[in-house]
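Peer 1: The lines below spell out each chain.
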Amino acid sequence: MQFGVFTVSDITTDPTTGRTPSEAERLEAVLTIAQKAEEVGLDVFALGEHHNPPFFSSSPTTTLAWIAAKTEKLQLSTATTLITTNDPVKIAEDYAMLQHLAGGRVDLMMGRGNTGPVYPWFGQDIRNGIELAVENYALLRRLWTEDVVDWQGRFRTPLQGFTSTPRPLDGVPPFVWHGSIRSPQIAEQAAYYGDGFFHNHIFWPPEHTQRMVEFYRRRYEHYGHGAADQAIVGLGGQVFMRKNSQDAVDEFRPYFDNAPVYGHGPSLEDFSRETPLTVGSPQQVIERTLGFRDYVGDYQRQLFLVDHAGLPLKTVLEQLDILGEEVVPVLRKEFAALKPAHVPDAPSHATRVAAAGGTEDATVHAPGDSVTGRAAEAVGR
Amino acid sequence: MSTRTLAVVSSGLGVPSSTRLLADRLTAATADALRERGVAATVEVVELREHARDLADNLVTGFANSSLRGSIDTVVGADGLIAVTPIFSASYSGLFKTFFDVLDKDSLAGKPVLLGATAGTARHSLALEHAMRPLFAYLRATVVPTAVFAASEDWAGGDATSPALTDRVHRAAGELADLVAGRPPAAPADPFADPVTSFGDLLRGSEPGLRG
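Here the protein sequences come in this chain order: H and B. Note that the working numbering has the first sequence beginning at 2, numbered continuously upward. Note that the working numbering has the second sequence beginning at 17, numbered continuously upward.
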C-alpha cells in the first residue's frame, strides 16, 4: 500500500499570526515538503491544479519535474488534473514529458474542477463538466496509446494525423486515477477503463465515500477488469497530530475555524465526527485510518492533507516527521497483514511495463520532411 | 389498508409556534382525508429550528451532516409533503428557504405538496402565491391548488364574510389526500443503481462517427 501527501496549493493567511506568505514562499515550501515526504519514507506526493487566487499551482508539471529532479523514489501525482478545462492534447504531451523526465515515477488523478468561473477562461462551460471529462479522457487515452490519431469531437478542434510527443515512456502511459466526491458517472468512467478511483474523503461523511467506492468496485467487476475487491482504490484524509491529543486540538483549531473551504461553519468536533478529519495523537490517527478499510475494503493508496489553511512550513514538516516516524510504519504493517494475496498493489511504471510485456522504445521517428514531421510520400498522397 | 408517508416541514421559531400549529392541523386533516380514502398515514415531522446550525454548516461545507441527512431523507422519501413557514419580510423565512436550497434539485420532482404559511396579519397572505408557489414550481413539485394561510385573526375562528380556517384546511387536505392516495408509494431514485445508459453509449455520444 502506498502512503503520501496531497496539497491543494492554497495561499492562506496564518490566522494565529496574521501573516500571509508570498507565492514564491509557498512554491518554495511545496518543494521542501515534497523532499521531506521522500526523506521520511512516504511514497507519493500529489499536487493540485488551480487557475485562480488564492492558489499558486497553475502548472503542476513544471513543479513536479523540479521535484522529480530532486528526489529518487517519490511517486509524483496530481490532485487533481483538470480533465475538463485542459486540452487533452496538452495533458498527453505534458505528462508524457514528465514521465520521461521522472523515470516513470508519475501517475495522474483526473478531476473536473468545481469552480464555475474557471471553465470560460479556458473556453468551456461547467454545465458540460461530465461530458468534457468523458470526451477529453477518451481522446487522451488514444493520444497515449495510438501513434497517429484522427479524431473529431464536440469540444475541441478535430485532429488529423496527429502524433503526441514524446510517446509515453517505454510505450506505457502513466496510470490514471479518477477523482470525484459525488458523481457516480466518474466512478463509472474509472470502472469502465479499469483505472483507479480516488475519493477525496475530506469533505463528505464516510458513508458517502463507502457508497461511491462500492459502486466503483461493482462496476469494475462488471466491465471485466477483475473481482470487485481487486479494483484500485485511493482515499484522501486529513490529519493534525501532536503527542498529546489536546495539544493537537488546541493548535489546529484556529486553522480549522478559518480554513478556506469549511471554516466559519461546523465546529472542529462536529467536523471530526461527521468526516474522516482526525486531530489528535498519532495513535488516534493510526486507529482512525485503519478503520477506513472497514468501509472501503482493502485499498491501494492513502494520501493525507497536511499542508493547507495557513499552517506554517515548520508545522507541516513536523507533521511529516510524525507521519513518517510514528504513523505510516504501523499502517504499512497492519494493512499488509490484513490484505489478501489476490488484492493487487497500486500499479507502478515497472508493473505496468511488465504487464505490457517489457520495455520498448516507443519513439515515433519522422521520416522525410523535418518541417511538417510527415513523410514525403504520405504528404503527397 | 395501504400506507403512505407524510413528511411535515415546519420552520416556525417560537415554542409553541403558530406555524407548527397550522402544520399539525393540516397534517391531521390530511391523515383523516387519507383514511376516508382507505389509506393509513405515517407522519414524520421535521422542525427546521432544530436544524438551524446544521443548515448553516451545510451551506459552508457542501454536505448535510448526519442529523440533517436523516431529515432530508425523510422529506425526499415521503409520499406527500406539508410545508409550512412563517412569512418574514414578505416571503418565506430564510431558514425555510435554506432547507429547500440544500436539497438536490430534482429530489422533489412530482411530489404532492401542500403549502401553508402564517403571519401576524392577513395582509401577508399572497406571499403563499407570489413566493412559495414559485419556489415549489421551480422544484417541479405537484402543489395542490389550495394553499392555507393563517393570520392571528384566523385562530379566532373566522366570521360570516371569510370562511373559517377549518374550511380551508379541510379543502387543502382533501386535495393532498387525492393526490397521495391516487399514486403508488414513492420510490426515491438510487444514484448508485447500475447506470441506465452504458458508458460505452456515453462515449459514442461524445465521439460522433469515430466509434461505431
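Hints are computed from structural coordinates only; laboratory data are not their basis. All residues carry an ideal CB built from backbone N, CA and C; glycine is no exception. The reader is advised that the hints may include incorrect statements.
One-sided and incomplete, this derived list gives chain H residues near chain B with beta-carbon spacing under 7 Å [unchecked claim]: (1) A139; (2) P185; (3) E189; (4) F216.
Label pairs and their calculated CB-CB ranges [to be verified]: (5) B:T213 x H:A355: 33 to 41 Å; (6) B:F208 x H:H343: 51 to 59 Å; (7) H:K91 x B:T19: 39 to 47 Å.
Peer 1: State for each hint whether it applies.
Peer 2: Here's how the hints hold up against the structure:
{"no.": "1", "hint": "A139", "verdict": "6 Å, holds"}
{"no.": "2", "hint": "P185", "verdict": "6 Å, holds"}
{"no.": "3", "hint": "E189", "verdict": "5 Å, holds"}
{"no.": "4", "hint": "F216", "verdict": "4 Å, holds"}
{"no.": "5", "hint": "B:T213 x H:A355: 33 to 41 Å", "verdict": "36 Å, holds"}
{"no.": "6", "hint": "B:F208 x H:H343: 51 to 59 Å", "verdict": "25 Å, violated"}
{"no.": "7", "hint": "H:K91 x B:T19: 39 to 47 Å", "verdict": "58 Å, violated"}
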